[in-house]
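Undergrad: Chain residues, written in single-letter form:
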Amino acid sequence: MADDFRYAQPKQYQRLFLKDDIRPDGRPVTGCREVKIHCNTVSSALGSAMVCFGNTRVIAGIKGRFAEPTINNPSSGYIIPNVSLPGLCNTKYRPGMPVDKAISISHKLESISTDVTDLMELCIVPGKVVWCLYLDVVCINDDGNVLDAAVLAMTAALFNTWLPTTHINEETGLVTVVPGGEKTKMILKFLPVTVTLSVFDDVTLPDPCESEEQIEAGTVTCCVDENSKMRAMWASADLPDDMMAAALLYIQKRASVLLSVLRKVSQRDTP
Amino acid sequence: MPDPKRNCGPEDAIEPPVLYTEKQAGKPLDKNNKRSDGRKWDELRPLYMKVGIITKAQGSVYLEMGDTKTYSSHLRTKEIIRRDEFSLKGKVFCEFKFMPFSRIHYCEQRQSFEEKMISKTISDAMEGVILLEKFPKAQVDISIQVIQDDGSALSLALTAASIALINANIEIKDLVVGTTLRFFDSNELLVDPTIEEEHGPFSKYPGGAGFHMAVLPSLAQISSLKQTGRIEQSQARDCIETCWESCLRLATGIKKLLKEANEEDVQR
Chain Y
4 MADDFRYAQP KQYQRLFLKD DIRPDGRPVT GCREVKIHCN TVSSALGSAM
54 VCFGNTRVIA GIKGRFAEPT INNPSSGYII PNVSLPGLCN TKYRPGMPVD
104 KAISISHKLE SISTDVTDLM ELCIVPGKVV WCLYLDVVCI NDDGNVLDAA
154 VLAMTAALFN TWLPTTHINE ETGLVTVVPG GEKTKMILKF LPVTVTLSVF
204 DDVTLPDPCE SEEQIEAGTV TCCVDENSKM RAMWASADLP DDMMAAALLY
254 IQKRASVLLS VLRKVSQRDT P
Chain C
23 MPDPKRNCGP EDAIEPPVLY TEKQAGKPLD KNNKRSDGRK WDELRPLYMK
73 VGIITKAQGS VYLEMGDTKT YSSHLRTKEI IRRDEFSLKG KVFCEFKFMP
123 FSRIHYCEQR QSFEEKMISK TISDAMEGVI LLEKFPKAQV DISIQVIQDD
173 GSALSLALTA ASIALINANI EIKDLVVGTT LRFFDSNELL VDPTIEEEHG
223 PFSKYPGGAG FHMAVLPSLA QISSLKQTGR IEQSQARDCI ETCWESCLRL
273 ATGIKKLLKE ANEEDVQR
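Protein chains in written order, with our numbering: chain Y, 4 to 274; chain C, 23 to 290.
Careful, some of the hints might be misleading.
Unchecked claim - Sample of chain Y residues lacking proximity to chain C, with all beta carbon distances greater than 12 Å (derived):
{"id": "1", "residue": "GLN15"}
{"id": "2", "residue": "GLY50"}
{"id": "3", "residue": "CYS142"}
{"id": "4", "residue": "ASP205"}
{"id": "5", "residue": "ASP272"}
To be verified - Okay, derived cross-link-like pairs now, DSS-like style, lysine-lysine, Cα gap no bigger than 30 Å in a straight line:
{"id": "6", "chain 1": "Y", "residue 1": "LYS111", "chain 2": "Y", "residue 2": "LYS22"}
{"id": "7", "chain 1": "Y", "residue 1": "LYS95", "chain 2": "C", "residue 2": "LYS111"}
{"id": "8", "chain 1": "C", "residue 1": "LYS72", "chain 2": "Y", "residue 2": "LYS104"}
{"id": "9", "chain 1": "C", "residue 1": "LYS226", "chain 2": "C", "residue 2": "LYS100"}
{"id": "10", "chain 1": "C", "residue 1": "LYS49", "chain 2": "Y", "residue 2": "LYS186"}
{"id": "11", "chain 1": "Y", "residue 1": "LYS95", "chain 2": "C", "residue 2": "LYS49"}
{"id": "12", "chain 1": "C", "residue 1": "LYS281", "chain 2": "Y", "residue 2": "LYS104"}
{"id": "13", "chain 1": "Y", "residue 1": "LYS39", "chain 2": "C", "residue 2": "LYS142"}
Hint data in this document are derived by calculation from the structure and do not stem from the laboratory.
This structure is a prediction, so every number in the text was calculated from the model and none was measured.
Just so it is clear, CB atoms sit at the ideal spot from N, CA and C, and this is done for glycine as well.
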C-alpha cells in the first residue's frame, strides 16, 4: 500500500518523510550515499575509472588517437568528452540517439574539461600531430545524480591516464607509438568535482536518487576543485540567499570528502 | 560524418600506428603445449558472475571471463503500440554495444555495422529460446554493453543475455551458453581465445577459422553458430564437437553460480 501511495502522490510521500528529517531511502536530510571508486578497471583504455554513488554506477574510459591540430592552436591537443546513457541503465532510456539528459551532462563535462589539463602537453609534433583523447563516460545504472558520478569518474580517469611514448621517424616524419614502451602520466592542473543539491519545497537534498530527481523543483550544481575554487555553477531553482550560502558551504565540505576518497583510491589502484 | 548530438572530435583523427620492431609472429601453442597466458588448448578462462547488479532493470548480470567484461540487462517487456505490428507472438529486440574504450581501437558511440550484426545474431538466438507465445503484442528488450573485449565477446554477450533473462524471470526454454574457438592451419585448436588469438582484425596469428557456437545444454540443441575463415568439412566437425563440450562445461559452472545466487536471494 505504501508503494501505491508513492506512485500516486510522490510529493506527499516525500513530505511525510521530510517532516521527520529523513529521506525515503533512510538517509538523513543532509546525508549522501556511499561513494566507491575503482581506477584502472579497463586495461584496453589509457585510463579508466568506475564510480558508484550507492546504486548509480558510471564507468569512464579514455582512448587516444592522433589528429591534426587546428590552425589557431597548432600545439594544442583535444579532449573530447561524451556521456552516454544507454538503454541498459534505466528502463526510461531507449537505444539510439542520445537523450537530452546525456547531451546536457556532456556539455557540462566539456565546459569543465577544457581547462583541466594543459592541452600543450598533448602535442607531439607542433602543427602536425597531436593527441586527441576521447573521454567516454557510460552510465551502467541510473539511480539519480549521474552528473556528479560522471564528473568524478572523468577526474579519476584523467588522473590515472598514462600516455604512451611516441617515436618520430626522422626520414618519413611518421609518428608511431612504441609498443610496451614507457608511459608518461598525464598531469592535471586541478581536480574538478561536482556536488549536486536537489531543491524540494525549500529544503536542499544533496545527492538525489532517481525518485527524488523526478519530483524536485530544481537543482543547484557546483563544480569545485581541490583548492576550494569554484570552477562552474549551474542552478535551475530559485533559492533564497541564506540557503544558497549554506548550500555552498555544504558543497565545499562534500567536495573535499570526494577528493580525499579519490586520492586514496588512486594510490591503491596504481599499477 | 559529424553527429550533431554528440561531441565529435576532429574528423581526420586516426588510430596511433604501432610499429613493432621485432618479429612478433609466434606459434599459438609453445613447446609445452601452453598458450601465452599459461592455459592449455581447451581450458576456459576463469568466470565471474554477479546477477541483479543493475537495480533499475528487471533483470541484469555482470559477466567476466578473463579480461572480457560485459554487462547485460533485460529492461522491460513493453507493448508494441503500432497496429500493423500486432502479432500473437512477442518480438525480441537486442541492443549490443562495445563501449568506446573497450577494444584496441576506439569505437564510435553510434552502433557500427559489426555491432548491428552481433545484435541481430543475439536476438535471433534469443527468439528460439524465449517462450514468445506468452508475450503477445509485446517486445522483450535486451541490452548488452561490453566494457572490455579481450576475445570471445559475442559468446559471452549471448550467455550474459540469457542469464539476464533468467534473473528477470522471463520464461525461457533453457540457458544459452556460448563459447568461441579458434582453429589454425597447423591443426591446432584454441578454446576461448583472447583477443590476440581470436580470428579478427587484432589477431596475431592469421589464417585458419574462428567458430562461435551457442548451445542449450539441457535440451542438447545448438542455438547459434557462426564461422569465419576457411576450414575443411571434417575439421569443422571436430571444432563443433569441441565447442559443444566446452559449452557444456561452462553451463555446469554457470548453473552452480546461479543456484548459489538464488539461495542468497532467498536467504535475504
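Undergrad: Mind verifying the non-interface call on GLN15 of chain Y? Its CB should be farther than 12 Å from each CB in chain C.
TA: 23 Å, holds
Undergrad: Could you grab the alpha-carbon distance between LYS49 of chain C and LYS186 of chain Y and see if it respects the 30 Å cut-off?
TA: 29 Å, holds
Undergrad: Is LYS281 of chain C close enough to LYS104 of chain Y, meaning Cα to Cα at most 30 Å?
TA: Outside the cut-off at roughly 38 Å; violated.
Undergrad: Looking at CYS142 of chain Y again, its CB stays over 12 Å from all of chain C?
TA: 10 Å, violated
Undergrad: Within 30 Å, alpha carbon to alpha carbon, are LYS95 of chain Y and LYS111 of chain C?
TA: 24 Å, holds
Undergrad: Would you mind confirming whether the straight-line C-alpha gap from LYS95 of chain Y to LYS49 of chain C stays at or under 30 Å?
TA: This hinted pair is violated, its Cα atoms lying about 49 Å apart.
Undergrad: Would you say GLY50 of chain Y is clear of chain C, with no C-beta pair closer than or equal to 12 Å?
TA: Violated, since 9 Å does not exceed 12 Å.
Undergrad: Take a quick look at whether LYS39 of chain Y and LYS142 of chain C sit within 30 Å of each other, Cα to Cα.
TA: Violated - the C-alpha atoms of LYS142 of chain C and LYS39 of chain Y are around 35 Å apart, more than 30 Å.
Undergrad: Minimum Cβ separation between ASP205 of chain Y and chain C greater than 12 Å?
TA: 29 Å, holds
Undergrad: Taken at face value, is the distance from the CA of LYS22 of chain Y to the CA of LYS111 of chain Y at most 30 Å?
TA: 34 Å, violated
Undergrad: Are LYS72 of chain C and LYS104 of chain Y close enough, with their CA atoms no more than 30 Å apart?
TA: 28 Å, holds
Undergrad: Taking only the CA atoms, is the gap from LYS226 of chain C to LYS100 of chain C under or equal to 30 Å?
TA: Between LYS226 of chain C and LYS100 of chain C the Cα gap is close to 44 Å, so the pair fails against 30 Å, i.e. violated.
Of the numbered hints given earlier, the model fails hints 2, 3, 6, 9, 11, 12 and 13; all others are met.
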